[in-house]
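Trainee: What follows is the residue order along each chain.
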Amino acid sequence: MTTNIPNIPKEKFAFVPRSEKIHDEKLQTKAVGYLGDAWNRFRTNKSAVVAFVLIMILLVFALVVPEISSFSVAFRDGYYKLSLPRSDFFYSLGWDGGKNEQQSEAGYLYLNSIGVESGDSAVMKVYDSFQDATGQTFYNLRSDSYSSVGYVFVNLSEAEYQALMKYQDDTGIQVMYPLQATMNKHFVRANDGANFWYKLQSEAQGTTGAPVLDENGQYIPNYLTSNDPAKAGYVSSRIKGDGENGVWYTYAQKNQTGYRVRVHYKEYFKYINGFYCSFLFGSNVYGQDILTCLAVGARFSLLLAICVATINFILGVIYGSIEGYYGGWVDMIMERISDILADVPFIVVATLFQLHLANKVGVVPSLLFAFILTGWVGTAARVRTQFYRFKGQEYVLAARTLGASDSRLIFKHIFPNSLGTIITGAVMTIPGVIFSESMLSYLHIINLDTSSTLTSIGTMLSNGKDYLSTYPHILFFPAFFIAILEICFNLFGNGLRDAFNPSLRGAED
Amino acid sequence: MTKYIIKRILLMFLTLFIITVMCFVLIKLLPLPAVREMGKDINLVLMRREKMGYNRPIMVQFFLYVKNILTEWDWGVGEQMYEGLEIWDVMMQKLPYTVVVNLYSILVSIPLGLGLGIYAALKKNKWQDAFISTMVMVFISVPSYVYAFLVQYIFCFKLNWFPLQLASLSKAGSLFSGTMFISMVPAIMSLSFGVIAGFTRYTRAELSEVLTGDYMLLARTKGLTKAQAISRHAMRNAMVVILPMIFGEFIGILGGSMIIENIFGIPGIGNLYVNSINVRDYNFFMALNVFYTLIGLVSGIVIDISYGLIDPRIRMGSKK
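So the sequences go chain by chain: A and B. Take my numbering: the last position of the first sequence gets the number 1250, and nothing is skipped along the way. Take my numbering: the last position of the second sequence gets the number 448, and nothing is skipped along the way.
Calculated from the structure, these hints are not laboratory results. Just so it is clear, CB atoms sit at the ideal spot from N, CA and C, and this is done for glycine as well. There may be inaccurate statements among the hints.
Claimed, not checked - Partial pick of chain A residues on the chain B-facing surface, computed with a CB cut under 8 Å:
1. L804
2. I1074
3. M1180
4. H1185
5. D1207
6. L1209
7. S1210
8. A1220
9. A1224
10. E1227
11. L1232
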């Protein structure tokens, strides 16, 4: 086939001026590098971006909350244990620390009496009441898990006693309440019976600890009284009805070390700690704040996971590079070593490290060692594969011909090409580390119970599992948190993988 | 192929040996647990320890340990728990619980996982696929104990369908009785979510890759219906990857899940392991370490070998 070339006259041709540049025009757009290209792809992956933002939020939560929280992991309050979540902001939505329950008449009157004495009612709402077949009345009500603590007996030294009285006088807040005259031992419910300030029906009448009510349906106080107002040195504010008819209530009893007084715990807590007790996520069986514990546990998990991922990344890269680059017998020996390490079950390593090192270097470092001992094998294997893929390529040969050293070839020419895959692999190990750590602490193989500064999500879950049916909030918040964290890290990892290796999209690496 | 298998198995035993030595030495370096005094003669325990050779050099002890296992299949006796009972007997007594629960879970997971995976692959890039893939992502990420708590709360506590803990053997009669099965359901469910998601993901990934192959086009061109082409050509090729995974899972059921056994009170191997650590019974701990290592090694080998058995291309390739 011949092409008909028209006869172009010679004078139409001209020499290219030597002075002009003869290469292509300048690129219209800026060149996109490897990381920039990955970033562009990552940006368009909505779920990965959302996951990344969520991870950042959770990380900030874990770092900031322990610092600004009024509570700490060491904080334990036996009276406010198993308190329900309460939020001032969402109070009206039912996030109010309340609990719907059914109470008998006696139970209702007991809860109600707390509010009658101090004005801080433990009954938030009575929905309805009904009578069963035997004529007993029952109430469906919502009780306040904080206010139902009511009153407690405390022993104060002389100085503490004086300080508390001064506080009462300064603020006008009643903290101490009169002691009871008699205590019906059989109806001791909470706090050694500190809440029974009123007359109870005696057991002889075959009742259930219900109060005796006067003709107006009011409680009849059962306070310890005396004729001397200065008895036990109490000179602070007195509750209503005190001092009438020349009868004075007794607020304190002297004992060997000081005074025994009955205090309204809500106000007493404020007096001691400076704020009213309220747990956003509730409290656990030890009276620890779940929010603070969760944040501390999350911080521990995240920092541990990031440490492990970084260290394993470095070790794996060095080991894998040497294996993959040199090959041959070096590779074979190193592969056997990493094979054996990879075959040791992680739980065995973790347990042995705990048994050996926990007493010597502490629980956390020994856990870290356990993660590192076998953790880098995966990274090393990935790096090795990548090296085998790239080391035979022409550009490496070219660089070698130009005299590049081994380390330059490894870190300047081969390694950057495999960086994406390796980074993805390192990020993907983070959820695994978080899961393993929570599992080990759940099973008490690593024991953080005794630590006053540290806790873990697994420890929280294991402490809460006995209360699943009665206080599910103890489990709910940590379980929900770790589920979100795992989902986010997996989505983020997938996003990274797709961004670095578009050809692998959807396939399993 | 035979040469490859023999090589792998020999290598496995070498690895097992090395890990066992390391474990044994590390365990023997630990201080022995204090003798519990309650109603027990301390001297008797000390005498037993002396007789068992606890005071001899570690390598001598290791030699005796291996010798006892190889000649009499004697794995030692329990010291801190199941005192005086043969460890092997206790393990064999615990193993059925673990195996049965996990077997049920796998039997549920395989058809569900494969079915969902195939469905998602066939509906690729439609909303069904997007939905299944999203769910897979969620279910694979959430730790199994979170399911366990959810299942316990919803099905055992709120709906009261199942008991919270596993029924006792004396009450249920046998491991395979109806009562036993009902009480196992929560544990089976908690175990299965993650496994189903795993199977779905692999099946979808493999099948959707296979479906784009040229031979699928050829099969359709020569007149096969879509169903025929998928079942005869696509599924067979996808199975090359999926079947080994299933085999691996089957070996893995021996190990079970410690955390699920702990939550549901299943007296299985995982629970035994955790207990042995908590009470520092090193004889049990050692035996179970070997057990877990062996499971890991065997499942790895089974996966590798089954690739060759299933796919002639890999089998032939290894001959070169």
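Trainee: Hint compliance check: list the failing hint numbers for this structure, sorted ascending.
Mentor: When the structure is compared with the hints, numbers 1, 2 and 5 turn out to be violated.
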